[in-house]
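Student: This is what each chain is made of:
There are 2 protein chains.
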Amino acid sequence: MQIAILGLGTIGSGVYKIIAGQTNQTKKLQVTHILAKADHPAMLPIESTDYDAILADPALDAVVETMGGIEPAHSYILKALAAHKHVVTANKAVTALYLREFIEAAEANGVHFYYEATTGGGIPWLKNLENAARVDDVQSFSGIFNGTSNYILDQMTKTGEDFDSALASAQALGYAEKDPTADVDGLDVANKVRISGAIAFNTAPNFALPTVGIRHVSAQDIAWANDHNLAIRLLGEAVRQHDRFAAVIAPTLVPQQSLEAQCPDNFNLIRLDGPTIGELQFFGQGAGQLPTAHAIIQDLLDIALNVPHLARHFNRTLKNDAAMLRGDFIWRDGDTYEYLADRTVGELIIRQNEHPQASFLRIGKEVNHESLQIRRLFNGQRQSVQ
Amino acid sequence: MQIAILGLGTIGSGVYKIIAGQTNQTKKLQVTHILAKADHPAMLPIESTDYDAILADPALDAVVETMGGIEPAHSYILKALAAHKHVVTANKAVTALYLREFIEAAEANGVHFYYEATTGGGIPWLKNLENAARVDDVQSFSGIFNGTSNYILDQMTKTGEDFDSALASAQALGYAEKDPTADVDGLDVANKVRISGAIAFNTAPNFALPTVGIRHVSAQDIAWANDHNLAIRLLGEAVRQHDRFAAVIAPTLVPQQSLEAQCPDNFNLIRLDGPTIGELQFFGQGAGQLPTAHAIIQDLLDIALNVPHLARHFNRTLKNDAAMLRGDFIWRDGDTYEYLADRTVGELIIRQNEHPQASFLRIGKEVNHESLQIRRLFNGQRQSVQ
Numbered sequence: 001m002q003i004a005i006l007g008l009g010t011i012g013s014g015v016y017k018i019i020a021g022q023t024n025q026t027k028k029l030q031v032t033h034i035l036a037k038a039d040h041p042a043m044l045p046i047e048s049t050d051y052d053a054i055l056a057d058p059a060l061d062a063v064v065e066t067m068g069g070i071e072p073a074h075s076y077i078l079k080a081l082a083a084h085k086h087v088v089t090a091n092k093a094v095t096a097l098y099l100r101e102f103i104e105a106a107e108a109n110g111v112h113f114y115y116e117a118t119t120g121g122g123i124p125w126l127k128n129l130e131n132a133a134r135v136d137d138v139q140s141f142s143g144i145f146n147g148t149s150n151y152i153l154d155q156m157t158k159t160g161e162d163f164d165s166a167l168a169s170a171q172a173l174g175y176a177e178k179d180p181t182a183d184v185d186g187l188d189v190a191n192k193v194r195i196s197g198a199i200a201f202n203t204a205p206n207f208a209l210p211t212v213g214i215r216h217v218s219a220q221d222i223a224w225a226n227d228h229n230l231a232i233r234l235l236g237e238a239v240r241q242h243d244r245f246a247a248v249i250a251p252t253l254v255p256q257q258s259l260e261a262q263c264p265d266n267f268n269l270i271r272l273d274g275p276t277i278g279e280l281q282f283f284g285q286g287a288g289q290l291p292t293a294h295a296i297i298q299d300l301l302d303i304a305l306n307v308p309h310l311a312r313h314f315n316r317t318l319k320n321d322a323a324m325l326r327g328d329f330i331w332r333d334g335d336t337y338e339y340l341a342d343r344t345v346g347e348l349i350i351r352q353n354e355h356p357q358a359s360f361l362r363i364g365k366e367v368n369h370e371s372l373q374i375r376r377l378f379n380g381q382r383q384s385v386q
Numbered sequence: 001m002q003i004a005i006l007g008l009g010t011i012g013s014g015v016y017k018i019i020a021g022q023t024n025q026t027k028k029l030q031v032t033h034i035l036a037k038a039d040h041p042a043m044l045p046i047e048s049t050d051y052d053a054i055l056a057d058p059a060l061d062a063v064v065e066t067m068g069g070i071e072p073a074h075s076y077i078l079k080a081l082a083a084h085k086h087v088v089t090a091n092k093a094v095t096a097l098y099l100r101e102f103i104e105a106a107e108a109n110g111v112h113f114y115y116e117a118t119t120g121g122g123i124p125w126l127k128n129l130e131n132a133a134r135v136d137d138v139q140s141f142s143g144i145f146n147g148t149s150n151y152i153l154d155q156m157t158k159t160g161e162d163f164d165s166a167l168a169s170a171q172a173l174g175y176a177e178k179d180p181t182a183d184v185d186g187l188d189v190a191n192k193v194r195i196s197g198a199i200a201f202n203t204a205p206n207f208a209l210p211t212v213g214i215r216h217v218s219a220q221d222i223a224w225a226n227d228h229n230l231a232i233r234l235l236g237e238a239v240r241q242h243d244r245f246a247a248v249i250a251p252t253l254v255p256q257q258s259l260e261a262q263c264p265d266n267f268n269l270i271r272l273d274g275p276t277i278g279e280l281q282f283f284g285q286g287a288g289q290l291p292t293a294h295a296i297i298q299d300l301l302d303i304a305l306n307v308p309h310l311a312r313h314f315n316r317t318l319k320n321d322a323a324m325l326r327g328d329f330i331w332r333d334g335d336t337y338e339y340l341a342d343r344t345v346g347e348l349i350i351r352q353n354e355h356p357q358a359s360f361l362r363i364g365k366e367v368n369h370e371s372l373q374i375r376r377l378f379n380g381q382r383q384s385v386q
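Protein chains in written order, with UniProt numbering: chain A, 1 to 386; chain B, 1 to 386.
Chain A extracted, bound-state conformation:
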């Protein structure tokens, strides 16, 4: 199977390296073209800056897109599919935006568009989600989808440092980019929740998705959580019942005695629930060169070995009903922590826009509310908590 790699950055180089290693079934794979940047000196004889010439090679079977970003990734993927080349990508932003278009173009041209590496890095999350959905109507999924923000929250918990200091150490280690927006503001998680939701529920990925990141989580919040035997994790969560669903992303309080709280460093931990499979969780390297490249190789092998993925057309009409994820929150304003019962993340986002100095944490469903030392007298009543 002959492969072209578009973009020889971290992930693209990892794909090249694993295939060059020729371990086990990767012997079936061969990189025959690399699309290099025009302003970048070629390092390998197979590098080229002429994408049309690469696609014109009749021996080429598949294109690996690891350029990132929306354009030209979007048009390059469509061009490859139109040229009857399979496409495998790690690009979550372009996949979340154009998944349906890519799948339709692939089917129209008799090739595959596979995207395991977009979500969960080395964790075979999408494949296992697809397999579960062969039997079960998946009722919910949730998890830690972003390693950078998990590293920051874990560091804040272990050292007591504040967000800016933990972010700086994540940047020094190469876990966070210079502009950390996508990671710390939940945008990266949003792309992954959209892709997962599209597969789990067979619906279009552009659903409403209230998204809160971790920028407002303070050292004080972490200490407050710790005093209540809780930890803070950035969770993406989606639920479905019959023809209704909802999804949110928010910093969430979880019990210290839980898998989520024990998910360390930059690891990911993602869960699904189905009526027959029960609860299933996956833990591993959610990013990084070799784990992400490994996921791309797995997609390439599925193509080489003719392993079909679940065929989804994302055409199920579901009602997005935020009330399904209505729940309780902790609201901080200055040094005061309040308990807010029975709200949606969307309502809290609006409230926070009016109080920019305040912030809030979702209370995870595994949290024992007794541990918050709160008596909830009636629906919606706020009580100060210690």
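I should point out that these hints are in silico values taken from the structure, not numbers from a laboratory.
Ideal Cβ placement from N, Cα and C applies to all residues, glycine included.
Incorrect hints may have been included.
[What the hints assert, rightly or not] Short derived list, chain A residues pointing at chain B, Cβ under 10 Å:
{"#": "1", "residue": "Ile46"}
{"#": "2", "residue": "Ala293"}
{"#": "3", "residue": "Leu318"}
[As the list claims (entries may be wrong)] A short, non-exhaustive set of chain A residues, derived as facing chain B with CB atoms under 10 Å:
{"#": "4", "residue": "Ala132"}
{"#": "5", "residue": "Ser258"}
{"#": "6", "residue": "Leu269"}
{"#": "7", "residue": "Pro275"}
{"#": "8", "residue": "Ala295"}
{"#": "9", "residue": "Asn306"}
Add chain B to chain A, keeping to what the hints say.
Tutor: Then chain B, alone, in the frame of chain A:
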């Protein structure tokens, strides 16, 4: 795809129930025969006691073996394969013993022998292990493979009760059988580690496997572990390096701040490590009617959809080298806890045979030995610990 179920016990009934539900892709499956016991009144018109007549049905595609035990399961599986019927089983004992024979018979007859449900219940462990091995030489795997013993250890930890009392509550809940030997003495884990090891390392499953269960774990041990911020879990573990490997099963000390310690109730948690995929862990229902039946259905769908599994012939010659899992232990004799450095599980088993009142715990590799308040002065020196 037409299916015969051999044995309508808990798991067989679960398979019948899921297929009868006709959800999603299970619409491709149809149960057309059930092999019933001769002394059991037939409940369904498709029940029969004539196995030869079932296999003689030319429309039959696959046999699901959920009888358990070694015979007649072994000869029934071979008979089905000889009749060119695919076989899917949940029977770990017969699979661990005859895996190579079954695979060879399946290949000789142009059909498949699939056995996902033998290991990890609803967790798609074997499939993911196989996929990882398509790219990586898996370096190690380990985990909590038995829900019954995990439930007992978790109960002992939560309530402080002793082994007999926790076993009785597991039996009352249906998590443990009347004769709990296979679960609490590590024999069930041994079958699963043999099957996993055969796939991971492509070697015959009948390798030497020092096996210790949890019968000797006392309430006092649990309290001692808790005093040192540790928990006790029954772990199976296997490692490989080049042409050498080793595997053991033993009650193991793990940090309370770890995924293993947070694996509650009767759940399983299984891990693999590979050079490119890194660390990957799977958590879920390791037993139970619907999760185990779900795993059988997944194998049936792979056959129906022509999804190939990794072809293994278990013919790699590896040296079983117990020294690779040499490590440190806590030895209890009466009220005295001692630290034993640099031993093998096999050496400890011999020592315990000479001191039947004593017991031992393996020290897991994630344990910070400082937390045991031990200074290890030189290799092999024992020190009493508090």
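Student: Taking the hints in turn, state whether each one holds.
Tutor: Status of each hint after checking the structure:
1. Ile46: Violated, about 22 Å.
2. Ala293: Nearest chain B Cβ about 7 Å off; hint holds.
3. Leu318: This hint is violated: Leu318 of chain A lies away from chain B, its Cβ roughly 16 Å from the closest one there, beyond 10 Å.
4. Ala132: Given a least distance of 8 Å, the restraint on Ala132 of chain A holds.
5. Ser258: 6 Å, holds
6. Leu269: At 8 Å from the nearest chain B Cβ, Leu269 of chain A passes the 10 Å test, so the hint holds.
7. Pro275: This interface hint holds because 8 Å falls under the 10 Å limit.
8. Ala295: Because about 8 Å separates Ala295 of chain A from the closest Cβ in chain B, which is inside the 10 Å limit, the hint holds.
9. Asn306: 8 Å, holds
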